[in-house]
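S.K.: Sequence order for the protein chains is A and B. Its first residue numbered 51, the first sequence is counted upward by one per residue in my numbering. Its first residue numbered -9, the second sequence is counted upward by one per residue in my numbering.
Hints were generated in silico from the structure; no laboratory data involved. Owing to the predicted nature of the structure, the values given are computational and were not obtained by experimental measurement. Backbone N, C-alpha and C define an ideal beta-carbon position, used for all residues, glycine too. No false leads were mixed into what you were given.
Below, in silico cross-link-like pairs of lysine to aspartate or glutamate (DMTMM-like), each with a Cα-Cα straight-line distance of 25 Å or less:
hint, chain 1, residue 1, chain 2, residue 2
1, B, Lys19, A, Asp121
2, B, Lys119, B, Asp40
3, B, Lys119, B, Glu106
4, B, Lys173, A, Asp87
5, A, Lys111, B, Glu39
6, A, Lys373, A, Glu260
7, B, Lys58, A, Asp66
8, B, Lys173, A, Asp53
9, B, Lys132, B, Asp147
10, B, Lys43, B, Asp118
11, B, Lys18, A, Glu128
A few chain B residues that face chain A, going by a derived Cβ cut-off under 7 Å, partial list only:
hint, residue
12, Lys18
13, Tyr21
14, Leu29
15, Ile33
16, Asn34
17, Lys43
18, Met120
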Amino acid sequence: MSDNQLTELIERYLNDEMSHDERIEFELLRKNDAAVDSRVTEHKQFIGLLKQYGERLELQKRLDAIHDEIDVHALKEEVTIHPAWIVQLWRHHHSKISVAASIAIFAILSTLFFTGKLNSHDSRFVELRDEVNRIKVSNDQLKKTVNTSLINAKATRPKPSNPGNFRGTGFALSSNGYIVTNYHVIKDADSVYVQNAMGESFHSKVIYTEPQNDIAILEINDSTFKNLGAVPYNFKKSSTDLGENVFTFGYPGGEVVFGPGALTSATGYQGDTTEYQVSIPVNPGNSGGPLLDDKGNVIGIINGKQTQVAGAAFAVKSSYLLKAIQNIPSDSLTKSLTLNSKNTLAGLSRPQQLKKLKNYVFMVKVYNQ
Amino acid sequence: MNKELKASAPTDSEIVLGILNNSEIVLKKLYTTYFPMVLQLIINNNGNEDDAKDIYQEAIIVLYNKVKSGQFELSSKLKTYIYSVCRRLWLKRLSQMNRYGGDIRDFEEYLPVDDEVDNHNERDIQFDKMENALQLLGEPCKTIMEDFYIHNRSMQDICERFGYTNADNAKTQKYKCLQRLKKLFFQQ
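The shape of chain B in the complex, shown without the other chains:
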């Protein structure tokens, strides 16, 4: 399977374009192409396949966000970029778990990507806070917030779903929920 995929590996610019166009096929190709490389890195440096999955997905997210935000320049091979991010993330994880022996077994060349990984981690912290705040918010506020702000549903839809008699009631409820969500978020 691996060899087949390698034969049909997409070019780097194809991937960048595909991400910008939200192409599911390209994302899948990207994912399957470089996963073995990362699995090799993690498995042979004190990790298991679940660690590899976590680290690799984080790296893909870093790449994805960078491309989406228009900051990505193809100055190096995508492969090298992904490897470098994974390597950096894994080193951080290892030192957090006190499993880092001071040495890592490398399989590819790599670039310094400290800033990007740090930015990513900061954003992760924000997302964790948001997740916590949403959990604490409870129903039905959580679903209202998700439906309206994340899934971009109309107030009309939400009204029907929750059985509000008129849109004004729903609106008031929504603002109350938002108020509480903000409070919960900033309290952390």
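For reference, chain A alone in the conformation it holds in the complex:
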């Protein structure tokens, strides 16, 4: 019996198209031959699946037809849960809002930046280093004539005649060329020179800084530098009482300037306990100058003033200077740094004191780009 014939028989059997005798005969065949039996089951299942598939397609078509009659768009509007208007506003316009916000933030930041409000420094506090370029520009004409005469007259002198980009004051710690000034004077410096009262400049190296106390230690490493001789002042370890007469000596301009005054508070700007407040007329360039008491003890280092209050200047206490000196790593020191303990200024009159001091106070000149 061929395959086709068997299939036909199975179909007729399943469709109930057989005569009674045929049916009995086929059932007997099915019973005896397992292969035929499984063919029957398989055929039945397969045709069933095919029919169901057809029904499914038909049902799908009917459902699609029904679906097409529904106004889905209107329904969608109705069932969508509309978020709060602010959320909708954000969803629809968030790009525009973002751009607007960015512009606003940028505008605020740039305004703050250009008005100087962003600077971490309080505008009421100014550090007293002198920006020389300012003066240079305003005195352009004057400088030109000076420069030409300088070149003519002092062509043999190898020392730099450039006054530097910034200027401050410093004073000697020991006779062999260690000098202290403010950190803010020499920060970002490419090179540092110190100039003594005679107008001689010496190249110096920054060997130690303490930005938190605004202290920097320099070492003169110029071959033309000769020993200064014993330092006439000593450094006071304890703090000084209010009301004490104090004075400073520094280079707010081209010439050394004496500034008399009194100690007015044991704390500095905004209660800073590392500083004194003093009433001394100081100007840019005074930064780093020594603050001495009547007897000639160094009690601090001038470092700033308050702009909106008359007569309030500040000085780092000498005890922090002593601490800083102790903190210098020993391999940074090429020579020994021994502080003078003998005070030869005590008992002298003020002009006498200043005459001696003059040789130990330096103008610090800072060069950078």
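Put chain B on the given structure of chain A with help from the hints.
M.R.: For chain B alone, kept in the frame of chain A given last:
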């Protein structure tokens, strides 16, 4: 429109009877009554209206087959049943698309209908296979198979349609086609 339909919502037993009697009107009423509910579910859970149509039609098919096979018992509201099936189908779809955030916003109460949905999916796979096999079979076999087995046309009709000179030729052709269709189907 929606409110009108809601007012004329058919009762659950009417629908079951209507399906058993192949009533087109009842099917239409059933479809239009619960579609908004499902649309709401899908739209508010990361889907669009086309997803809603797919999911809802599958659910209707599940219900339809269950009623037709006589297994359906009205133990809960039809509405709850349809919602549960759609919810289950949509969760599966979401996880397949990796869009499932682990949370679904529900609008109705629902029943566990995992078995039914799984059965339905299995059957869907079989139907997909059948569709593929029919496509691969090509003409005229495809039409002969569809006409004879699905649309229950007689061999005589088929003979005339395809211009076979006698019924025996047509029959032979039909068996050959069936043979190939089976082969294609089981090969997948």
